[in-house]
Amino acid sequence: MAIAEIQKVQILAYSGLKQDFLSSLQEEGILQIEKADYENLGLNMPSTEVSHLDHLLHRLTNALEYLSQWEEKGFAKKLVSQKPQIQRQEREKVLKLDYVKLLEKIEDIEKKKNDTLLHIRFLEKEEEFLSPLMCLDLPIRLVAATESTEVILGSMPFSSFKELSSKKEEALWVHVLSQGKRTVHLLMVYLKAERESFEQLFKQLGFYPLYFTEPMLERAVSQDTVNDLAEKLRKEKTISGDKLQALENEGKDVAVYREQLMRIYDVLLNERGKFLSSKYLGETERVFFLEGWIKTQDIPRLEAKLQPYAELIQCYFRPPLKDEDPPIVLQNPSVGKPFELITKLYGLPQQGTLDPTLPLAPFFFLFVGLTVSEAGYGLLVALLSFLYLRFAKPKGGLKQFLTLLSVLGVATVILGTLVGGWFGFPIRQLMVLDPLKDPVSFLLLSLGLGFIQVWFGTLLNMISGFKNKNYLRAIFVQGGWLVLLPSLVVYALTKHSLWGILALVGAGGIVFFASPSRNPFSRFFGGLYSLYDISRYLADVLSYSRLLALGLATSVIAMVVNTLCQTALGIPWLGWLFAALIFVGGHLFNLGISFLGGFVHSMRLQFVEFFSKFFQSGGKPFKPFELESKYVEFM
Amino acid sequence: MALGLTLAILGGALAVILGGIGSAIGVGLAGQASSGVMSEDPEKFGSLLLLVALPGTQGIYGFLSSFLVILKLGLTGGTLAAPNVFQGWQIMIACLPVAFTGLVSGIHQGKVCASGVYMVAKQPKDLMKPVIMAALVETYAVLGLLITILLLNGISL
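Residue numbers (the working numbering), protein chains in the order written: chain H, 27 to 661; chain A, 18 to 174.
None of these hints come from the bench; they were simulated from the model. Predicted, not measured: the structure shown is a model, and the values here were computed from it.
Short derived list, chain A residues pointing at chain H, Cβ under 7 Å: (1) L81; (2) F84; (3) M145; (4) V148; (5) I149; (6) A152; (7) V159; (8) L162; (9) L163; (10) I166; (11) N170.
Which chain H residues stay away from chain A? Per the calculated CB distances, all over 12 Å, these: (12) D46; (13) Q113; (14) D124; (15) T172; (16) E222; (17) T322; (18) P359; (19) Y517; (20) D559.
When the alpha-carbon atoms are kept at most 30 Å apart in a straight line, the in silico DSBU-like pairs for lysine-lysine are as follows: (21) K146(A) / K656(H); (22) K656(H) / K139(A); (23) K109(H) / K61(A).
All C-beta atoms, glycine included, are put in the ideal place defined by N, C-alpha and C.
Please model the entire structure based on the sequences and the hints provided.
Here is the structure:
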């Protein structure tokens with residue numbers, strides 16, 4: 027019905043054209059390349075090497091990530107910002123910029139910046155080390171052991187220091203450099219002769235020795251004290267800070283190339299795709315061979331594209347063979363297009379079977395409308411998705427989803443007005459049925475819709491039976507159900523014997539033709555057993571009662587929100603504020619859960635109740651060889 | 018009849034309590050799983066939130082039924098209904114379908130959603146498939162809600 031016709035295409039061409047030819051294919055994006063059967067055709071497998079491109083792409087990703095810090099930020103801006111665009115045919119021109127040099131520059135800036143940052147952190151550490159020693163008025167280089175004395179810097183807990191000062195040691199001179207809350211920094215001089223006993227004592231007191239580091243000693247020339255050294259560090263830090271600022275500016279200057287680098291990334295990405303796809307080609311010395319699938323309607327486009335090389339290329343087209351499994355493209359008029367999303371979610375139909383998209387569309391439309399049944403929410407959703415589509419111009423899956431959402435929003439507005447309300451307030455003049463007052467009628471409506479869809483599914487099964495030339499089964503079994511089900515319902519309602527007879531006729535068809543067996547007994551009993559399927563039909567129809575439950579749930583919650591608002595209005599002074607908050611928050615919450623529930627359960631009704639009647643999934647999606655993009659958009 | 022009223026209120030309370038327990042456990046299970054996945058891949062928050070929120074509907078169904086009971090009894094204001102003991106029992110029993118289906122299906126839907134979370138971790142494009150699986154479990158809570166609404170609607174005070 028709505029599966030596009032696909033043909034096999036086989037192309038032979040002069041090898042010199044390979045790159046140009048693949049570029050043209052990539053630009054058009056209408057052909058899916060299949061792997062050539064090298065062995066049977068006696069062809070060589072082309073070697074492909076893309077690691078240099080991988081490496082470049084990796085470097086570009088890093089550079090772009092680095093430059094992204096100068097990107098203009100802001101949520102609203104991001105929401106509606108559009109990707110930079112490139113003309114398809116002119117994409118190679120982008121590579122004219124000497125991007126390798128640019129990359130090197132960016133990498134250099136990034137590296138220098140990191141080094142400077144590290145250096146600053148190192149200087150800060152040193153300053154921190156020196157800060158308690160500021161009172162040491164000696165040149166740093168002199169804080170070293172002499173012939174007979176040991177000179178040592180360090181810190182110890184305050185309590186230990188008190189213990190130390192209470193002991194009168196002759197051979198120890200202690201000078202307090204600074205005194206914190208818990209620790210004391212000291213300079214101590216003692217006799218080398220008594221080193222061992224002192225070391226023992228220091229250990230007991232929890233003394234922690236400090237030593238000037240190598241770089242500090244190097245920095246401190248001749249007479250420099252700790253103070254001088256700290257001054258030097260401070261100066262060095264300012265210099266590094268300036269350097270950092272300069273690098274920052276330099277980075278900012280380079281950031282103007284960001285968009286160009288994005289373009290280059292995407293162009294190279296596609297070069298890589300081209301190289302990779304060339305491994306599906308078969309080659310001889312002079313000629314290459316390519317096999318693939320193309321939509322019949324795209325063949326003229328391909329031929330027009332290859333016109334310039336007509337003398338060097340030979341194309342053959344043929345319909346797929348019986349044992350081939352061509353990929354599937356759905357093709358529906360624009361009304362049904364958004365609903366393809368639902369079919370794709372379940373799986374594509376097999377070649378030669380029905381596309382369920384159009385048959386499910388009106389049901390899905392109705393079901394979502396009935397389960398959400400709140401016109402105000404529908405209007406909001408339709409409006410928001412429409413505005414987003416209009417201004418942000420999303421592409422691909424998001425676009426399809428939002429289109430579907432706006433269609434479903436419209437459904438909700440219509441059905442919500444008829445059987446629900448606007449934000450919990452029903453408009454009585456426009457309502458045809460109030461599910462809260464008359465749930466039984468609504469239940470019958472839901473079951474009635476369910477019956478129609480299940481019957482329709484069986485009808486589609488019959489049609490596909492005819493298509494597969496399975497006439498007997500289609501007429502008697504599916505036809506039998508088609509007669510049996512409605513006549514049984516009418517008979518139960520009217521008790522008119524005509525309908526009873528019709529039901530029996532339908533059942534007869536099922537009993538005698540449902541079983542494929544040739545043995546008359548097993549055929550009869552097998553057929554009788556398949557009448558038991560009626561319980562499945564019953565269960566399927568009853569499953570549609572969820573339309574009522576979900577529809578009611580939305581209306582009741584909307585009502586609850588409004589009741590709470592009314593209660594909140596009773597609060598003195600700030601009542602209106604609380605009421606407004608409850609109204610907005612409550613209805614947004616209800617909108618979220620009712621759309622989620624409505625969407626998911628309507629989808630389930632399609633998948634489980636409807637598709638099980640006739641649909642055969644398992645088709646492979648059509649994946650044309652085309653331009654992919656990460657950052658930019660190809661025009 | 019005060020006993021009748023008490024029984025009816027008990028029914029409404031049971032609906033919201035049991036449904037709430039089911040949803041709380043279900044959302045908890047799915048939430049744990051999704052936090053685990055997000056520790057590896059924080060970008061998935063949006064899509065996982067959907068799966069975590071899904072078992073929350075049972076609690077809402079219970080709440081909704083309970084609210085219908087409140088409206089029926091006129092507890093929000095106006096004249097208070099005075100159901101007799103039988104009517105009280107009727108209202109209480111009418112609340113049981115949504116209460117018990119909500120309790121059990123909430124827990125099991127949570128389990129399905131938790132494994133769905135793991136699936137999305139590996140196949141981010143197939144988000145809707147586990148959502149549909151979870152909806153299959155929810156069916157029974159929806160049916161329970163349906164019967165509770167119909168029963169409550171049928172009981173006349």
